[in-house]
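Engineer: Let's have the full structure, built from the sequences with the hints guiding it.
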Amino acid sequence: MILVDITESVLDPLAALEHCSSDAHGAADLFIGRVRNLNDGRSVTAVSYDLHPQLCRNIFNEICTEALAQWGESINVYLVHRQGRLDVGEASVITAVSSGHRDDSFKACRYLIEQMKVRAPIWKQEHYTDGDSEWIKGHALRTGD
Amino acid sequence: MNQSINVRLFGAFRQGNPESSLTVEIPEGGRVTDLRQAMESALPDDNARSLLKASAFATDSAVLDDHDIVPDREISILPPVCGG
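These protein sequence lines are chains A and B, in that order. This note's numbering puts the first residue of the first sequence at 4, with every later residue one more than the last. This note's numbering puts the first residue of the second sequence at 430, with every later residue one more than the last.
Keep in mind the hints are simulated off the structure, nothing from the lab. Predicted model, so just to flag it, every value in this text is computed and none were measured. Some hints here could point you the wrong way.
Distance condition first, Cα-Cα at most 30 Å in a straight line; then the derived DSSO-like pairs of lysine-lysine [as the list claims (entries may be wrong)]:
{"hint": "1", "chain 1": "A", "residue 1": "120", "chain 2": "A", "residue 2": "140"}
{"hint": "2", "chain 1": "A", "residue 1": "120", "chain 2": "A", "residue 2": "110"}
{"hint": "3", "chain 1": "A", "residue 1": "120", "chain 2": "B", "residue 2": "482"}
{"hint": "4", "chain 1": "A", "residue 1": "140", "chain 2": "A", "residue 2": "110"}
{"hint": "5", "chain 1": "A", "residue 1": "140", "chain 2": "B", "residue 2": "482"}
Structural biologist: Here you go:
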């Protein structure tokens, strides 16, 4: 069972674990990405997340479907990303997986976050204590010349 | 004959562009390479043109290859991504 979303609301780890729950699942794995106060030696106060909502949902669904194909159709997967301006310490993304045994949950949960970072159309602009802001360089989606 | 394409801007392309889109002209039935060329002329500065080289174009459902025919009148330009 797949649940993906984009939201301006505060992320809820308990909602992720509620989705990733089944009497047949002996394992659940949860990852939370949070805004850090330091990047490349610069003191960060907040991060603004810009994203392409429709395409983002499509890519999230693709990634989750791949996880089910790899670790079994019976696993539950959850991938939700925040948009808008987030302060240091706030959660920007939650991925979660439940499965019969822990190895599948660990691997699938890591797959979700790693794939999301290089494939989902999401951009972040860091805001610094000196008042400056900068768009962070990322992973190019361009495939051909 | 030309067609107008509305290109939605994201991420660093919004820097210095208060509007969230640009309109460019490409030949009817043109490809993503034509769109890339049109964007090169439409973008305001060298930083944006440099970012264009690393950027992809997409519909609301898929990322396009440079050889694809532009399928819609509204296309998004996607600079390198960094979610999480």
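Engineer: With reference to the structure, classify each hint as holding or not holding.
Structural biologist: Hints, verified against the model:
Proposed proximity of residue 120 of chain A and residue 140 of chain A is supported: the alpha carbons are some 12 Å apart, at most 30 Å. Proximity of residue 120 of chain A to residue 110 of chain A is assessed by CA-CA distance (about 16 Å); at most 30 Å being required, the pair is judged to hold. Between residue 120 of chain A and residue 482 of chain B, the direct Cα distance comes to roughly 20 Å. Compliance with the 30 Å bound is thereby established for this hinted pair. With a CA separation close to 27 Å, the supplied pair residue 140 of chain A and residue 110 of chain A stays within the 30 Å bound.
Distance hint between residue 140 of chain A and residue 482 of chain B is fulfilled; the C-alpha atoms sit about 13 Å from each other, no more than 30 Å.
When each numbered hint is compared with the structure, no violation occurs for any of them.
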